[in-house]
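Student: These are the residues of each chain, in order.
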Amino acid sequence: MALDLHYTPDELRFRAEVRAWMVAHVPAQPLPTLEGEQGFALHREWEKTLAAGSWGMITWPREYGGRGASLIEWLIFEEEYYRANAPLRVNQNGIFLLGPTLMEFGSAQQKARFLPKMAAGEEIWAQAWSEPQAGSDLAALRSTATREGDEYVLRGHKIWSSRATFADWCFGIFRTDPASERHKGLTFFLVPLNHPGVRVRGIRQMHGEPGFAEIFFEDVRVPSAWRLGAEGEGWTIAMATAGFERGLMLRSPARFQVAAERLVRLYEQHAATADPALSSAVAQAVMDAEAYALSTYATATRLIAGGKIGVEASLNKIFWSELDVHIHRCALSLLGAFAELAAGDSAVVGHDAWLDGFIFSLAGPIYAGTNEIQRNIIAERLLGLPRG
Amino acid sequence: MALDLHYTPDELRFRAEVRAWMVAHVPAQPLPTLEGEQGFALHREWEKTLAAGSWGMITWPREYGGRGASLIEWLIFEEEYYRANAPLRVNQNGIFLLGPTLMEFGSAQQKARFLPKMAAGEEIWAQAWSEPQAGSDLAALRSTATREGDEYVLRGHKIWSSRATFADWCFGIFRTDPASERHKGLTFFLVPLNHPGVRVRGIRQMHGEPGFAEIFFEDVRVPSAWRLGAEGEGWTIAMATAGFERGLMLRSPARFQVAAERLVRLYEQHAATADPALSSAVAQAVMDAEAYALSTYATATRLIAGGKIGVEASLNKIFWSELDVHIHRCALSLLGAFAELAAGDSAVVGHDAWLDGFIFSLAGPIYAGTNEIQRNIIAERLLGLPRG
Amino acid sequence: MDFTFTEEQQMMAGAFRELTDDLCAPAALRAAFEGRGESSAARWQRLTELGLPGMLAPESVGGMGLTLADFILIAEAAGRAALPETLVEHAGIAVPVLSALSADARGAAVLQAAVSGEARVAVSHPFNPFIVGADQATHVLVLTDHEVHLLSKDEAKLEGHQSIDALRSLARCTGSLQPGTCIARGAGASAATALAFECGALLTAAECAGLCDALVALAVSYAAERSQFGKKIGAYQAIKHQLANVQVKLEFARPVLYAAATQATVLSGRSRFGVSHAKLAATDAADLAGRTAVQVHGAMGYSWEVDVHFYLKRALGLTGMWGDRSFHMRRVQQQLFSEHLAIGPDALFGVFKELP
Amino acid sequence: MDFTFTEEQQMMAGAFRELTDDLCAPAALRAAFEGRGESSAARWQRLTELGLPGMLAPESVGGMGLTLADFILIAEAAGRAALPETLVEHAGIAVPVLSALSADARGAAVLQAAVSGEARVAVSHPFNPFIVGADQATHVLVLTDHEVHLLSKDEAKLEGHQSIDALRSLARCTGSLQPGTCIARGAGASAATALAFECGALLTAAECAGLCDALVALAVSYAAERSQFGKKIGAYQAIKHQLANVQVKLEFARPVLYAAATQATVLSGRSRFGVSHAKLAATDAADLAGRTAVQVHGAMGYSWEVDVHFYLKRALGLTGMWGDRSFHMRRVQQQLFSEHLAIGPDALFGVFKELP
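Sequence lines, in order, name chains A, B, C and D.
Per our numbering, residue 1 is the first one in the first sequence, and the count goes up by one each step.
Per our numbering, residue 1 is the first one in the second sequence, and the count goes up by one each step.
Per our numbering, residue 1 is the first one in the third sequence, and the count goes up by one each step.
Per our numbering, residue 1 is the first one in the fourth sequence, and the count goes up by one each step.
Everything labelled a hint here was simulated from the structure, so no lab data went into it.
Quick reminder that beta carbons are idealized off the backbone N, C-alpha and C, glycines included.
Treat the hints with caution; some may be incorrect.
[Said to hold, decoys possible] Simulated restraints on C-beta separations:
| id | chain 1 | residue 1 | chain 2 | residue 2 | range |
| --- | --- | --- | --- | --- | --- |
| 1 | B | Ala139 | C | Gly35 | 40 to 46 angstroms |
| 2 | D | Phe337 | C | Asp154 | 46 to 52 angstroms |
| 3 | A | Arg13 | C | Ser152 | 42 to 48 angstroms |
| 4 | B | Arg13 | D | Gly188 | 39 to 45 angstroms |
| 5 | B | Gln109 | D | Phe337 | 57 to 63 angstroms |
| 6 | B | Glu63 | D | Leu50 | 49 to 55 angstroms |
| 7 | A | Arg13 | C | Gln10 | 28 to 34 angstroms |
| 8 | D | Arg185 | B | Glu268 | 38 to 44 angstroms |
| 9 | B | Glu11 | D | Ser338 | 27 to 33 angstroms |
| 10 | C | Ser221 | A | Gly310 | 20 to 26 angstroms |
| 11 | C | Pro179 | B | Asn85 | 45 to 51 angstroms |
[As the list claims (entries may be wrong)] Once the Cα atoms are required to be at most 25 angstroms apart in a straight line, the calculated DSS-like pairs of lysine-lysine come out as:
| id | chain 1 | residue 1 | chain 2 | residue 2 |
| --- | --- | --- | --- | --- |
| 12 | B | Lys111 | B | Lys48 |
| 13 | D | Lys157 | C | Lys231 |
| 14 | D | Lys232 | C | Lys232 |
| 15 | B | Lys117 | B | Lys48 |
| 16 | C | Lys232 | B | Lys184 |
| 17 | A | Lys111 | A | Lys308 |
| 18 | C | Lys153 | B | Lys184 |
| 19 | D | Lys232 | A | Lys184 |
| 20 | A | Lys48 | A | Lys111 |
| 21 | A | Lys117 | A | Lys48 |
| 22 | D | Lys231 | C | Lys232 |
| 23 | D | Lys231 | C | Lys231 |
| 24 | B | Lys308 | B | Lys117 |
| 25 | A | Lys184 | D | Lys153 |
[Claimed, not checked] Computed list of chain D residues with no C-beta within reach of chain B, every gap over 12 angstroms:
| id | residue |
| --- | --- |
| 26 | Arg30 |
| 27 | Pro255 |
| 28 | Ala260 |
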């Protein structure tokens with residue numbers, strides 16, 4: 001039946017199962033930030049705990065450690081995950097981005113080698129996309145891979161690599177055809193971060209933790225078994241990965257719904273002295289979080305019915321990233337003079353880390369394709385306006 | 001003394017004089033819209049009344065019918081003018097735009113011929129800038145003026161000409177050098193609208209009145225005495241005129257302060273049921289109107305001290321036009337279901353014509369150079385960003 | 001859980017859109033604005049041929065027995081076309097209310113005629129100062145908190161008012177209500193009045209979403225064709241990004257609208273929140289679309305000659321009806337801050353706080 | 001009516017800006033953030049050499065006898081430089097308060113030392129939960145609604161707190177106030193506390209305007225140099241228009257700030273409106289500037305390696321102090337809707353309703 005917005009009995013049972021597991025397993029105390037060494041290790045442990053319960057990536061096929069769950073079950077899982085205040089996913093580059101990419105483009109051996117360890121949380125992956133001269137303009141990259149026999153020699157300098165400081169492997173594209181330009185002649189590689197010639201240097205983010213890293217490749221010899229897809233196919237594969245990044249998985253609406261709910265509680269504590277406009281701004285945050293959730297359910301049913309995710313990924317990117325900034329700006333406004341307190345200060349009200357969240361939210365309109373680029377995509381591909 | 005924000009005794013006396021005159025002369029009932037024939041005639045009468053009191057354009061030199069007033073006196077005059085709810089200026093193209101242009105570029109004969117009648121409100125002027133293919137891109141215009149002996153023959157099609165439906169004269173630029181491109185080879189002409197070959201056709205605006213017109217020039221023969229400046233100097237002169245348009249005179253802050261004050265009264269009537277955010281939005285309108293006024297006083301003192309108006313004209317344009325839209329959107333929100341009532345309907349609350357004002361405000365971000373163009377100017381000329 | 005429309009729903013909406021593409025082509029709207037062209041009665045006849053007036057009436061009276069969720073795409077398309085006929089009020093509000101009150105003989109008789117399209121029913125509601133479309137109606141359904149009356153056009157004393165949208169006739173009932181026209185009293189009447197409000201707010205929201213769509217389409221087609229400074233204005237980021245921002249608003253208003261359509265008639269705290277959310281989201285989108293479309297068109301957009309103003313004016317009228325922005329924002333806040341409506345990731349379609 | 005600064009005022013500000021260009025060059029700030037480089041005492045010494053600490057003290061105690069309007073450009077430049085020293089609190093708030101309360105011997109003695117810069121005075125105010133810069137102060141001036149106390153660093157029991165801005169030390173006084181440290185009581189004390197609030201709000205607004213300026217400058221210089229897709233990113237309208245919008249906010253905050261500086265100490269309804277307006281306008285501009293500067297820098301802007309975060313964090317701290325956004329917006333609304341402050345075109349600098 002169309003527009004039937006009720007969960008099935010199976011979906012309700014599934015929710016109950018997730019909820020029970022989360023109650024039993026989510027750490028009582030929030031883990032330290034995964035941008036630090038100790039926090040990273042604890043988040044790694046949590047991935048293993050998830051995997052042990054077969055909750056690592058429920059939409060994956062059972063053969064790779066998943067549950068073959070539907071997208072609706074995935075959304076329910078995420079709702080319960082965020083509702084339980086479970087830790088951030090240190091494994092997200094693997095399970096959300098590289099995993100689906102490997103399933104589509106990897107050889108049988110590669111799938112068998114990489115996917116189970118990824119699902120088990122045993123190998124944590126970093127992205128190695130960007131380069132100093134190629135930010136939003138990914139096709140401008142310069143790192144090279146030169147074939148020598150059955151090996152490639154990688155040379156170059158990647159940057160803004162999230163997780164790389166403490167991760168095990170990275171994936172990225174390199175220029176295999178030195179005469180090529182822009183999107184041609186690029187090839188996709190998987191490289192262990194402890195491989196000879198690979199050097200990782202953390203980049204501190206605004207809040208002071210090394211959430212980014214640079215990766216230097218100095219004559220790094222890799223076997224062709226670590227090449228994903230054919231030579232020259234790198235751009236196509238990378239675009240597929242970027243599609244997964246902008247797609248349904250990575251920005252669960254539950255995250256924003258939980259934040260909006262906390263914002264309502266915060267507002268209630270400050271209602272008597274707040275700018276009257278904040279009551280409407282907070283209400284708008286709740287509405288937008290729900291709009292994003294409803295839109296995600298609509299996209300999920302469309303995908304289940306065989307649809308493809310297209311330009312709505314760009315619409316989503318703009319909407320959630322602006323919503324996230326909006327929620328956190330409201331919160332800082334409500335906190336007034338307490339807003340500037342660093343996380344962990346004894347005078348911080350509650351444990352909601354609004355300031356860290358605000359700083360984090362500022363990255364939203366930038367990464368995975370800046371919102372300016374998303375607006376170009378919407379204008380050109382959805383509305384059909386002429387290219388610049 | 002610096003930052004001395006007090007009026008001098010002379011300025012206070014001047015204010016009292018303006019106030020007394022306005023009380024005695026401003027029509028008790030608002031005039032009908034100047035976009036209609038009857039309203040235009042009544043506004044023409046009002047210009048004559050103003051001129052009779054030497055209030056037509058107080059900053060003009062006495063020899064042309066002005067008072068040689070200072071810019072501070074001008075601002076005071078405008079404050080009292082709007083405070084008295086005096087009629088819109090049907091004469092604005094003449095006194096604010098062409099008048100100063102003539103004083104700078106006109107011959108002695110031209111000044112003597114045109115300025116006194118302009119100041120007296122006897123000849124009302126229309127702009128004839130834009131052409132169908134040249135909107136924001138004025139240099140793309142195609143109308144021509146061909147020299148034949150001591151005459152020129154004008155041919156072409158001007159559009160978006162405000163006031164032209166009922167005005168007496170128009171001014172605009174025409175291409176005198178057929179081989180020229182863009183800003184070169186243009187010449188500035190003054191043409192009576194009842195001259196043989198000139199045909200004016202009103203264009204209805206959104207609200208249904210012919211506030212714009214098209215002007216067709218069909219082999220219009222004009223003497224060279226109606227050419228302003230030299231051949232080929234048209235662009236320079238037109239840019240000077242446009243500078244006057246964006247400059248200090250045309251958008252008096254008093255207009256927005258009066259509107260903001262009325263908005264506060266409207267809010268007070270609806271406070272009990274309004275979206276709480278509207279209280280802050282209304283307060284913001286008042287603050288922005290005052291900010292614009294303060295900025296204008298600052299610019300005026302700078303000009304008095306010998307400064308020139310430059311890129312701040314672009315800053316002003318964006319600020320007042322967005323403020324005007326903001327004020328009227330707030331008002332329509334407060335009016336709720338009554339907002340859509342046409343002017344003159346018996347159920348319209350008060351006589352504040354908020355809906356007409358809203359429609360009018362939508363033109364603000366467009367005319368005198370769209371706000372997009374103003375932002376380019378600010379970015380390139382004030383901030384020094386590279387040209388597109 | 002299924003968030004798609006059926007093929008039937010899409011076909012029905014598609015057929016209606018085809019019809020309105022013809023009935024409400026810019027030239028036709030312009031003619032109607034100027035009192036020329038096809039008559040309202042002729043247009044109404046063609047809507048009737050599709051069976052639209054009776055969509056939400058039971059099959060027993062000749063209707064299609066469908067629900068608001070089936071009608072929402074029709075309302076959206078009516079907005080997109082700036083349809084001058086008040087099909088949405090008639091079929092989306094009056095007919096369901098009359099269906100609910102069909103125990104009354106007078107009501108039942110008019111319902112029959114309303115389903116066939118022979119009768120055209122305008123709606124008076126305490127939340128709206130004006131009745132829309134009364135001049136072409138045969139009846140006025142007058143809803144109050146305690147009584148519902150059904151007046152023939154002759155029985156209703158109407159005072160006309162003028163909207164800035166000349167295709168939208170406004171009126172007020174000035175006469176007092178007589179006992180003879182009453183078709184429901186007490187709880188039944190107040191339930192009908194409450195129900196009508198939710199339907200009205202939801203469906204005008206859908207119309208606004210449609211208007212937003214139309215405004216974006218106008219602006220896009222102008223921007224793709226008009227050149228300034230040597231290139232199409234639609235190739236400038238300043239234009240692209242403004243239009244993309246409108247589209248984002250529209251795309252995130254639609255699922256809200258569709259979800260609210262499935263529950264608007266439940267009359268719970270959540271359904272009221274959902275309907276208000278839909279009205280706010282859709283009217284916000286239409287407001288931004290109207291201003292952006294004018295800006296993209298430049299001076300053209302400010303003129304009568306371009307079609308933008310038809311849609312902008314309609315949106316302006318619909319935004320104030322069935323609860324204005326302030327009403328719905330306050331209702332949302334009341335649910336959140338006073339009624340403590342359950343929100344959060346497990347409360348979107350119902351609450352599961354009781355699960356283990 | 002003269003809305004310009006004198007040559008003297010501009011020269012003073014120019015000299016200070018030159019000094020801070022040196023003291024607070026990005027490398028110097030970065031060193032200070034990491035606890036390296038020049039000491040705070042050394043920087044303070046150089047500020048003292050310009051006579052800045054005593055600008056607002058009477059000439060009789062060695063000060064310059066100037067006013068807030070003279071100091072406003074200094075505060076703006078301190079913000080623009082993200083100066084780590086709390087010169088603004090010391091010279092703009094503590095010194096004028098001590099000057100007003102110099103009848104007290106203890107106050108008079110510290111005033112003398114504060115004017116020379118030998119003493120550094122931090123300010124505790126009931127509207128601020130934290131004292132800024134107490135760790136480098138020699139004294140803490142504790143303002144309350146009924147009493148003013150002046151504590152030496154030893155007398156003040158301070159509990160440190162940590163701002164996200166590592167160059168901004170926060171503290172709270174935890175000890176109870178002893179009679180021996182009191183320098184004013186009653187009306188004099190409450191007047192001083194009220195005066196300090198207006199000065200604090202105004203001067204942090206000026207600092208925020210300066211921070212906005214610095215953030216725009218950083219973003220502009222990056223955008224003019226960084227290329228993407230074959231051209232400088234500053235040549236894209238998306239970047240240009242965002243930065244132009246920030247500049248518009250800044251340009252219309254400045255005259256508000258300067259006008260408020262001429263009347264902040266009057267303590268009238270209009271002066272309070274003006275100060276709150278200035279705080280709102282300047283903090284809004286700085287907020288937009290911070291977010292825009294991050295966006296223009298892309299991932300760089302989000303990293304520690306680029307200087308944006310110094311200014312963004314400082315603005316974040318200053319926005320909440322001396323009345324946060326909510327406080328000042330409510331105060332403006334109180335003036336408008338409860339106190340019926342005269343507004344309109346003849347009320348900007350005074351009211352002329354009585355004129356004939």
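Student: Taking the hints in turn, state whether each one holds.
Tutor: Hint by hint, here is what the structure shows:
1. B:Ala139 <-> C:Gly35: 40 to 46 angstroms: Since the Cβ atoms of Ala139 of chain B and Gly35 of chain C sit about 42 angstroms apart, the hinted range of 40 to 46 angstroms holds.
2. D:Phe337 <-> C:Asp154: 46 to 52 angstroms: holds (48 angstroms)
3. A:Arg13 <-> C:Ser152: 42 to 48 angstroms: violated (56 angstroms)
4. B:Arg13 <-> D:Gly188: 39 to 45 angstroms: holds (40 angstroms)
5. B:Gln109 <-> D:Phe337: 57 to 63 angstroms: Taking Cβ atoms as reference, Gln109 of chain B and Phe337 of chain D lie about 58 angstroms apart, which means the hint holds.
6. B:Glu63 <-> D:Leu50: 49 to 55 angstroms: This hint holds: roughly 52 angstroms between Cβ atoms.
7. A:Arg13 <-> C:Gln10: 28 to 34 angstroms: holds (32 angstroms)
8. D:Arg185 <-> B:Glu268: 38 to 44 angstroms: holds (41 angstroms)
9. B:Glu11 <-> D:Ser338: 27 to 33 angstroms: holds (32 angstroms)
10. C:Ser221 <-> A:Gly310: 20 to 26 angstroms: Hint holds: Cβ distance 22 angstroms, inside 20 to 26 angstroms.
11. C:Pro179 <-> B:Asn85: 45 to 51 angstroms: Once the Cβ atoms are compared, 50 angstroms apart, the range 45 to 51 angstroms for Asn85 of chain B and Pro179 of chain C holds.
12. B:Lys111 <-> B:Lys48: holds (19 angstroms)
13. D:Lys157 <-> C:Lys231: Measuring from Cα to Cα gives roughly 68 angstroms; hence the hint is violated.
14. D:Lys232 <-> C:Lys232: Within the cut-off at roughly 21 angstroms; holds.
15. B:Lys117 <-> B:Lys48: Holds: Lys117 of chain B and Lys48 of chain B sit about 10 angstroms apart, inside 25 angstroms.
16. C:Lys232 <-> B:Lys184: OK: Lys232 of chain C and Lys184 of chain B at ~23 angstroms, within 25 angstroms.
17. A:Lys111 <-> A:Lys308: Roughly 23 angstroms between the alpha carbons, so the hint for Lys111 of chain A and Lys308 of chain A holds.
18. C:Lys153 <-> B:Lys184: Between Lys153 of chain C and Lys184 of chain B the Cα gap is close to 67 angstroms, so the pair fails against 25 angstroms, i.e. violated.
19. D:Lys232 <-> A:Lys184: With Cα atoms ~23 angstroms apart, Lys232 of chain D and Lys184 of chain A stay inside 25 angstroms; holds.
20. A:Lys48 <-> A:Lys111: The given pair, whose Cα atoms are some 19 angstroms apart, holds under the 25 angstroms limit.
21. A:Lys117 <-> A:Lys48: holds (10 angstroms)
22. D:Lys231 <-> C:Lys232: Distance of about 20 angstroms is within 25 angstroms: holds.
23. D:Lys231 <-> C:Lys231: holds (18 angstroms)
24. B:Lys308 <-> B:Lys117: violated (28 angstroms)
25. A:Lys184 <-> D:Lys153: Status violated; Cα separation ~67 angstroms.
26. Arg30: holds (25 angstroms)
27. Pro255: Incorrect as stated: the minimum Cβ-Cβ distance to chain B is 4 angstroms, not above 12 angstroms.
28. Ala260: Given that some Cβ of chain B is not farther than 12 angstroms from that of Ala260 of chain D, nearest at about 9 angstroms, it is violated.
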